[in-house]
Amino acid sequence: GQQLNQSPQSMFIQEGEDVSMNCTSSSIFNTWLWYKQDPGEGPVLLIALYKAGELTSNGRLTAQFGTTRKDSFLNISASIPSDVGIYFCAGQGSATNAGKSTFGDGTTLTVKP
Amino acid sequence: NAGVTQTPKFRVLKTGQSMTLLCAQDMNHEYMYWYRQDPGMGLRLIHYSVGEGTTAKGEVPDGYNVSRLKKQNFLLGLESAAPSQTSVYFCATQPWDTGELFFGEGSRLTVL
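From first to last, the protein sequence lines are chains A and B.
In this text, residue positions in the first sequence follow my numbering: the first is 997, and each later residue adds one.
In this text, residue positions in the second sequence follow my numbering: the first is -14, and each later residue adds one.
Treat the hints as calculated values from the structure; they're not laboratory data.
Keep in mind that a hint or two might mislead.
From the derived model, a few chain B residues whose C-beta atoms are all more than 10 angstroms from chain A [said to hold, decoys possible]:
| no. | residue |
| --- | --- |
| 1 | S65 |
| 2 | S69 |
| 3 | A77 |
Each pair of labels, with its calculated beta carbon distance range [stated by the list, open to error]:
| no. | chain 1 | residue 1 | chain 2 | residue 2 | range |
| --- | --- | --- | --- | --- | --- |
| 4 | B | P68 | A | R1056 | 39 to 49 angstroms |
| 5 | A | I1024 | B | S69 | 26 to 36 angstroms |
| 6 | B | P24 | A | I1009 | 17 to 27 angstroms |
Ideal Cβ placement from N, Cα and C applies to all residues, glycine included.
Generate coordinates for the entire structure from the input sequences, incorporating the hints supplied.
This is how it looks when you write it as structure tokens:
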């Protein structure tokens, strides 16, 4: 089946630093999504990408849909303590199917004040 | 609006017991999913439904059954719980026209 490799597995950074994480796949996806999970909660969508090469921002977050359609990147600028959590990438074959999103294993972010 | 509501939020079972997790949504979404989350393993799809009366197997369906008798509800059943089913279970919904998933808060299940 499809597999996503998400890296890094964990990050420990100082408040104010920038963060980068990525996902790669051996398969092509038509949609890439990035979610954040706070402790004790379900994941919440941060950014959705629907077109190869697309670069989308949401506040301090920027995500890109790789041109090969096999990867995606998420950057967080000027991190703050509330950025702490687990970040998941997810790929889907088609946005209008029951996409059966395939998830990466997550990047756990710790921000030191 | 409540969004996606899961009940119960916590449950402890003994090996061999059965139970049902309920997912209820008020967003009128067509698609519903059950995932399990284990440390370091991300979210793995158990079963899903593309509409009322339909269900299909996901990545890790063994030991689970599901039903979607009403559009707004998606039930996940464990007929004979095993310690390997100790996990956090998440229900999610998805509208037909986007890829976005809306998750419930999770149900933490421990099987002793």
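Cross-check of the supplied hints:
no.: 1; hint: S65; in the structure: holds, 26 angstroms
no.: 2; hint: S69; in the structure: holds, 19 angstroms
no.: 3; hint: A77; in the structure: violated, 8 angstroms
no.: 4; hint: P68/B - R1056/A: 39 to 49 angstroms; in the structure: holds, 42 angstroms
no.: 5; hint: I1024/A - S69/B: 26 to 36 angstroms; in the structure: holds, 33 angstroms
no.: 6; hint: P24/B - I1009/A: 17 to 27 angstroms; in the structure: holds, 21 angstroms
The structure does not agree with numbered hint 3 stated previously, though it agrees with all others.
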